[in-house]
Amino acid sequence: MDNILQASELAVPVGINRQLTFPPLQLQAGELVIMTGNSGSGKSTWMHALAGLQGIASGHVSIAKHGQLSRTHCPPDWRQSGIGFIPQRPFFWPSLTVKGNLDLAQWCKGSQGDLQSWVERMGLTHCMHQQAHSLSLGEQQRLSAIRAFSHDAPVLLADEPTASLDRDNATALIESLRAYQQVSQCAVLLATHDASLAAMADRIIELPSPS
Amino acid sequence: MKALAFAFASLRHRLGSASMIALVLSLGIIGMALMDRAEKGMTMQLRNSLDGTDLLLCAKGSPTQSILAHVLHVDVASGNIPSETADQWLKHPDIRHVRRLAYGDQLGEFRILGCDSATWLHIGESQLTGRWPSQSMEAVIGSTVAQASSLSVGDVFHGSHGMVDDLGDHAHQDYRVVGIVDASNPWDRIIFTPLSSVWDIHQDKDHAYTAVLASIDNPMTRLMLPARIQKASKMMAISPAMEGNRMMTWLNRGGQIMQIMTLLLQLIGFISLLLLLHAHVREHRSNYALMRAMGSTWWQVFQVVAWQNVLIVLAALSFTVIGLLMAYFSQSLWLPSALNIPNQAWAPSTLDAVMAGVALIFSGISSVGPWLSLKKISLHRALVDA
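Residue numbers (my numbering), protein chains in the order written: chain A, 2 to 212; chain B, 577 to 962.
Note that these hints are calculated values from the structure, not bench results.
All C-beta atoms, glycine included, are put in the ideal place defined by N, C-alpha and C.
Incorrect hints may appear among the rest.
[What the hints assert, rightly or not] Partial list, computed: chain A residues near chain B (C-beta under 10 Å): (1) A50; (2) L54; (3) F93; (4) L97; (5) G101; (6) W108; (7) C109; (8) G111; (9) D160.
Isolated chain A (complex conformation) (with noise of 0.2 Å):
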């Protein structure tokens, strides 16, 4: 099967003098990658890094596009990164509902899709015209996983979704990002400390503790 997202070993500044180095990940469409390590061993700083979040000292990171692999940029162009992404922490902008984030998110990222589906699938179709921060724990991130489809990118960082969330809430977080990956074909690479949940991964990644 062929690379989706392939990254060198990338090496990222943290603090002065000192650098973090990741190995090197390549990830294939369809795949589910679960990255798990102590707290500090840098699943964060990682992902951001291939998010083109995070500036790095050395390496690169390819994603495929059209079935080439193209070498990105770091900071990359945004639109054309290719990636989506879940952060830890739902964010969602102050007074906006549940509807106007998820324009919001089409809007940053210049799409028109319908995700109605996805929200239905998601069991957040009750809840479309109140505010973001008024939902559960367990709602925010679904609809923060439902904002990363929006995407349409075939590479899918989630860095840590499910670590404020109940055993439930978690699974069917992860359930959801399946349903995702089998009808986008995209590839995921998830961050946790659930140990639980790798029982789900197609592979795992296990990040050692810094030095």
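Please build the complex by placing chain B on the supplied structure of chain A, with the hints as guidance.
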């Protein structure tokens, strides 16, 4: 327009502080706009009232008070002048259009003004309902008087001393309303009656005048005659045009101080606008970082940031319009009628457009700083630290 909607949502989140800044900004703009209108209105009023008046004869006192009392009818007269002496001077060959005035009593807050037919000719008949008085104890009332006292043609009333009835009245001597004049300020608040009415009621056998207004044909006489009268008589003779200019100079100085204060208010408003946006982007940098992570361009981020400032300024301009409308409709409550700002002066002016333009341009420019500060933040840190 999506950017506008997102900016509006962001402002709703801090409605209190945003409204307060809009209010401060609007107070500054209202202050400037009102000063401009008051100055224009005052100039128009004085120009209209002094039109064709080159000489004012009255009892000695303050020239400014005399203008306010005898031309604008908003102050009390300083006394009477003997008609014989005045008439002597009025025989000067260059003097034209003499208007003799004798202050009578009051009807409530409205002044009864004894005057000769020259005053009526000066006002004209185009907006007169009824006729001008032809004999003593007939009166023509201004439209505001008619409205406030519910008097109409054919009704009778009597005057009283001063502003309140208990100072004594002339209940036994009724005036009959023979006309209502719908004239502009200050005439709409005056009750006109022949000089003889005032003299009869007060049993003034000397037929004293309170003031005489006249025009002078010759520019040299216009310049010299007031000084000659002053020197040779006990009357005060002033050139209303010169006194009017002096009054305007003082008013302009006062206006300049007010303008500086309103400018300071605007400055405070603009600085607050800048600080509010800075505080907002600092507090919500994670949201802007996420916008970038979701694929937005920096131009989209700028639109959302800038629209917030523009919306605050648009709110301030809306408050300004509301404030000016309130000032327009309530001016009779806070300005003497004779000093009310004429309608022409309330029309939108170039200064209004300039102030609105400057405010809008500043709202855009002041968005650049906070936007640049967003460009400098680490998206990684903004998301991790949130």
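We went through each hint and held it up to the structure:
1. A50: 8 Å, holds
2. L54: 4 Å, holds
3. F93: OK, holds: F93/A within 10 Å of chain B, min 8 Å.
4. L97: 5 Å, holds
5. G101: At about 6 Å, which falls below the 10 Å cut-off, the nearest Cβ of chain B leaves the hint on G101/A intact, so it holds.
6. W108: 5 Å, holds
7. C109: 4 Å, holds
8. G111: It holds, given that the least Cβ distance between G111/A and chain B is near 7 Å, below 10 Å.
9. D160: Hint on D160/A: holds, closest Cβ of chain B at ~8 Å, below 10 Å.
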